[in-house]
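Given these sequences and hints, build the entire structure.
2 protein chains.
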Amino acid sequence: MNHLRIASVASEFEDHPTFSDDEYQQQLRVLLNVTREIYKVLHLDQLLTTIMDEVRKALNADRCTVFLIDEEKNELWSKTAHGEKEIRFPKNLGVAGYVAMTGEILNIRDAYADPHFNPEIDRKTGYRTRNLLTFPMKNIMGKTIGVFQVLNKLNGYFREIDEEILATISSIAATQIENAQLYEQQRRLNDELRGMYEQQQKALYSFVQTLASTIDARDPLTAGHSQRIACYCDEVAKILNMDENRREVLHYAALLHDFGKISLRDVILKNHKRFNESQYNEMRKHPAITKKILEKIFLPEKLKDLPQIAGAHHEKMDGSGYPDHLKGDQIPLEARILTVVDAFDAMTSNRRYSNRIIDFEKVVHTLENDSGTHFDGYFVTAFKQIPLNRLVEILEDESTDLLETKDLNFLANFTIQDLLNEIAQKSDGESKLIQIFNKYYHRDHLEKKGKDEKNNFNS
Amino acid sequence: MNHLRIASVASEFEDHPTFSDDEYQQQLRVLLNVTREIYKVLHLDQLLTTIMDEVRKALNADRCTVFLIDEEKNELWSKTAHGEKEIRFPKNLGVAGYVAMTGEILNIRDAYADPHFNPEIDRKTGYRTRNLLTFPMKNIMGKTIGVFQVLNKLNGYFREIDEEILATISSIAATQIENAQLYEQQRRLNDELRGMYEQQQKALYSFVQTLASTIDARDPLTAGHSQRIACYCDEVAKILNMDENRREVLHYAALLHDFGKISLRDVILKNHKRFNESQYNEMRKHPAITKKILEKIFLPEKLKDLPQIAGAHHEKMDGSGYPDHLKGDQIPLEARILTVVDAFDAMTSNRRYSNRIIDFEKVVHTLENDSGTHFDGYFVTAFKQIPLNRLVEILEDESTDLLETKDLNFLANFTIQDLLNEIAQKSDGESKLIQIFNKYYHRDHLEKKGKDEKNNFNS
Chain G
344 MNHLRIASVA
354 SEFEDHPTFS
364 DDEYQQQLRV
374 LLNVTREIYK
384 VLHLDQLLTT
394 IMDEVRKALN
404 ADRCTVFLID
414 EEKNELWSKT
424 AHGEKEIRFP
434 KNLGVAGYVA
444 MTGEILNIRD
454 AYADPHFNPE
464 IDRKTGYRTR
474 NLLTFPMKNI
484 MGKTIGVFQV
494 LNKLNGYFRE
504 IDEEILATIS
514 SIAATQIENA
524 QLYEQQRRLN
534 DELRGMYEQQ
544 QKALYSFVQT
554 LASTIDARDP
564 LTAGHSQRIA
574 CYCDEVAKIL
584 NMDENRREVL
594 HYAALLHDFG
604 KISLRDVILK
614 NHKRFNESQY
624 NEMRKHPAIT
634 KKILEKIFLP
644 EKLKDLPQIA
654 GAHHEKMDGS
664 GYPDHLKGDQ
674 IPLEARILTV
684 VDAFDAMTSN
694 RRYSNRIIDF
704 EKVVHTLEND
714 SGTHFDGYFV
724 TAFKQIPLNR
734 LVEILEDEST
744 DLLETKDLNF
754 LANFTIQDLL
764 NEIAQKSDGE
774 SKLIQIFNKY
784 YHRDHLEKKG
794 KDEKNNFNS
Chain U
344 MNHLRIASVA
354 SEFEDHPTFS
364 DDEYQQQLRV
374 LLNVTREIYK
384 VLHLDQLLTT
394 IMDEVRKALN
404 ADRCTVFLID
414 EEKNELWSKT
424 AHGEKEIRFP
434 KNLGVAGYVA
444 MTGEILNIRD
454 AYADPHFNPE
464 IDRKTGYRTR
474 NLLTFPMKNI
484 MGKTIGVFQV
494 LNKLNGYFRE
504 IDEEILATIS
514 SIAATQIENA
524 QLYEQQRRLN
534 DELRGMYEQQ
544 QKALYSFVQT
554 LASTIDARDP
564 LTAGHSQRIA
574 CYCDEVAKIL
584 NMDENRREVL
594 HYAALLHDFG
604 KISLRDVILK
614 NHKRFNESQY
624 NEMRKHPAIT
634 KKILEKIFLP
644 EKLKDLPQIA
654 GAHHEKMDGS
664 GYPDHLKGDQ
674 IPLEARILTV
684 VDAFDAMTSN
694 RRYSNRIIDF
704 EKVVHTLEND
714 SGTHFDGYFV
724 TAFKQIPLNR
734 LVEILEDEST
744 DLLETKDLNF
754 LANFTIQDLL
764 NEIAQKSDGE
774 SKLIQIFNKY
784 YHRDHLEKKG
794 KDEKNNFNS
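As given, the protein sequences belong to chains G and U, one line each in that order. Under the numbering used here, read the first sequence as residues 344 to 802, first letter to last. Under the numbering used here, read the second sequence as residues 344 to 802, first letter to last.
There's no promise every hint is true.
Repeated chains share a single entry, so a pair holds when one copy, or any two copies, can fit it.
[To be verified] Straight-line Cα separation of at most 25 Å, BS3-like style, residue types lysine-lysine; simulated pairs:
1. K647 x K635
2. K486 x K645
3. K749 x K428
4. K486 x K639
5. K481 x K400
6. K416 x K428
7. K486 x K581
8. K581 x K416
9. K481 x K383
10. K467 x K775
11. K581 x K775
12. K670 x K400
13. K647 x K670
14. K545 x K645
15. K545 x K639
16. K545 x K769
17. K775 x K647
18. K628 x K613
19. K467 x K705
Don't read these hints as lab results, they were simulated from the structure.
As structure tokens, then:
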């Protein structure tokens, strides 16, 4: 279809029979190319660069700048001809300003002899302008939306044929620039909306995280619990290659599984000895309360299953759990993951008033032994694939100042399962792996008690 | 610049000297118009309608449809020529399919005599196709992106000049359609992002609201407190004509001002008798805790002042408040509003175990008397501008089944200040206004105790 565009210029030339056939043919090829190049681009910055470049080549000139009119600020602006910086000046300033205001063409054959030309800019830039063609860019409605300024024709000065070529390019360029500006507006709105969305997303997450750690902190024994199990869940999700949305709902469920404890009385929540039956029953209400509260919240589509998942973290595979005595597959998959990591953390984290007392292999064996009755064995197996560096980091609440990089690098080569294998084989003596792991697992934590209280806002 | 586009067709015509000068002139005008119309529109639906309409007029035909190729689904689709419904069919079906696949022009002078034509569609629609011009729409890269199908030339059949005109329009249309498609993509992304943002915003708000009512519900005396003062704040904000962002931060601050109470022990929180000094000091910590917790949360830009505002709701104008003994203007404006409505609600809401015991005018007089020392009088005055229907609705926790519409309509004509004036004048007897107001203010609330417990998740 491109021969039609070429023809458009052809007929222009026919109005000016002074041009030779050769000139005519060559300019047709140039214009074909310009048209192709310009209509390819809808990103304003790139489009302006393309236009300036193509005009410079088409007119055999040394430089070309396109100035656009900023109606709001009453300014002309441009990217520098071949740079990145933006130039701005009042709409009525200089040669470009004159053309922008009047819509006239200024073809100046001797710049320094012309009153419109301001030699000040040459003095500043060190450039020497000999001649210039300054041409209004008009849109389909005939309105001037910008100005071409073409400097220093390589041979001689700008002639009528240059004006004719520029007229054609100008019309194409104006159309595409207006399209690009509309497109740009949308893109800017997009960026803005994306930013607002991300802020809001971050706010919700941060809110949930802070709430979770605040609830945990009501009881020193559970400080950091929800954050840790959220981290374990992330690891298991990675091992299972879960999709992004499921990972997110699992992570939120981990953070919020104990939300219901907000409604428990201190006498229940802080009772670590023995419950009487009514207290025990009250304690067991918290998953149902979690679910009830979360159901009241408007959740984004991808978090719709949050109440069911968070509310089912005390269900057991054999149906002996609570609150709904769900069995096996009736328990949401994510809740079955939660159950494993929740139990693991309960057995390995009670260290504010005491160091870890259960040997690591016994903890994991409990998970294994209770697979099928309490836990879903599939997720116990997945859990055992967690790399030991991540396990240690989570056990230590990611407090990097306590963890040595060379140890973490070493541990990164092994999983929980590897460690269990090693322990099973080396019953007579300790390997490097076991030693390094135990250095953290059996660390004396009581000394860093102060640090852990950062989430206890009441202190 | 438009004469250039006309020229483009002009030269086409010059290649076919059989066209008369009149035809030539008329078609130029038509094409000028088509070009103008098409380049005006960047919304795809509207653009397609415009193109179909302009082609139909330009070619003097009865109908025109543009089919676009959907590469993903391997289909051709179109809006109906002059309707809203979308048509879709496999990319290789019928005359349009043939042209889409081959890029050839099919100019069929007698539809029913041509093997490409499928008379089935006519039978279904009741339309009678005599002749048709089916023309590929190619983009600047020469790729077929769609098909024009023009039906029933009004006089005779489609000739070569129609093909030439359509070739020019096709090239313009293809460019603008591709621009419009890019634009459309952005717009769709925009809508999606806006939807996601709104969901997330709603989720955060709903989360905060639920959390606030859960915290309030730990103590039956404060059930609904945060939600009510958020509503009072909205009313005051409206009266003060505050801007949207400030209203939002004020509303959030109202909901979250008692967030710190999450960390208080039951023995403090539920003590409604007399505190000993250490208990009193612990109770007084809650605004500082609120601030500390909120400062840990990542907040969207417009909520940045939330911690300072929520944390200052127990400051007093004379500096005798807590936690920071701020004075006058040192207290954030929004916190000074919170202080007024917080005190008002404390004096008017203790009705779970008892009906309201303080007369309404005494409550407001307390706010007035303590202006300058405790409260900012400016906001007490604003508070008194709240219309009585809203006051009653908020006092009654918006439980519409208890409120009679005719009473609310009547109360809507008066403000708190109006009621006070009436009370001052009518010391000897009760007016209608006073009677209706007291019907709600002094309602026997104990009977509806059950209803209020909806946020007590533990019950």
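Taking the hints in turn, this is what the structure says about them:
1. K647 x K635: within (13 Å within a copy, 30 Å between copies)
2. K486 x K645: Classified as neither: same-chain Cα gap 48 Å, cross-chain 40 Å, threshold 25 Å.
3. K749 x K428: neither (47 Å within a copy, 66 Å between copies)
4. K486 x K639: For K486 and K639, the Cα distance exceeds 25 Å both inside one copy (56 Å) and across copies (54 Å).
5. K481 x K400: Within one copy only: 21 Å inside, 27 Å across.
6. K416 x K428: within (18 Å within a copy, 43 Å between copies)
7. K486 x K581: neither (58 Å within a copy, 44 Å between copies)
8. K581 x K416: Intra 52 Å, inter 33 Å, cutoff 25 Å: neither.
9. K481 x K383: For K481 and K383, both the intra-copy (20 Å) and inter-copy (14 Å) Cα distances are at most 25 Å.
10. K467 x K775: neither (70 Å within a copy, 82 Å between copies)
11. K581 x K775: Result: close neither inside a copy nor across copies, 27 Å intra and 69 Å inter.
12. K670 x K400: neither (75 Å within a copy, 70 Å between copies)
13. K647 x K670: within (22 Å within a copy, 46 Å between copies)
14. K545 x K645: Cα proximity of K545 and K645: in one copy and across copies (15 Å, 14 Å).
15. K545 x K639: Close inside one copy (21 Å) and across copies (12 Å); limit 25 Å.
16. K545 x K769: Answer is neither: 46 Å inside a copy and 56 Å across each miss the 25 Å cutoff.
17. K775 x K647: Neither. Shortest intra-copy (46 Å) and inter-copy (50 Å) distances fail the 25 Å Cα cut-off.
18. K628 x K613: both (15 Å within a copy, 21 Å between copies)
19. K467 x K705: neither (80 Å within a copy, 76 Å between copies)
In this structure, the earlier hints numbered 2, 3, 4, 7, 8, 10, 11, 12, 16, 17, 19 are contradicted, and the remaining ones agree with it.
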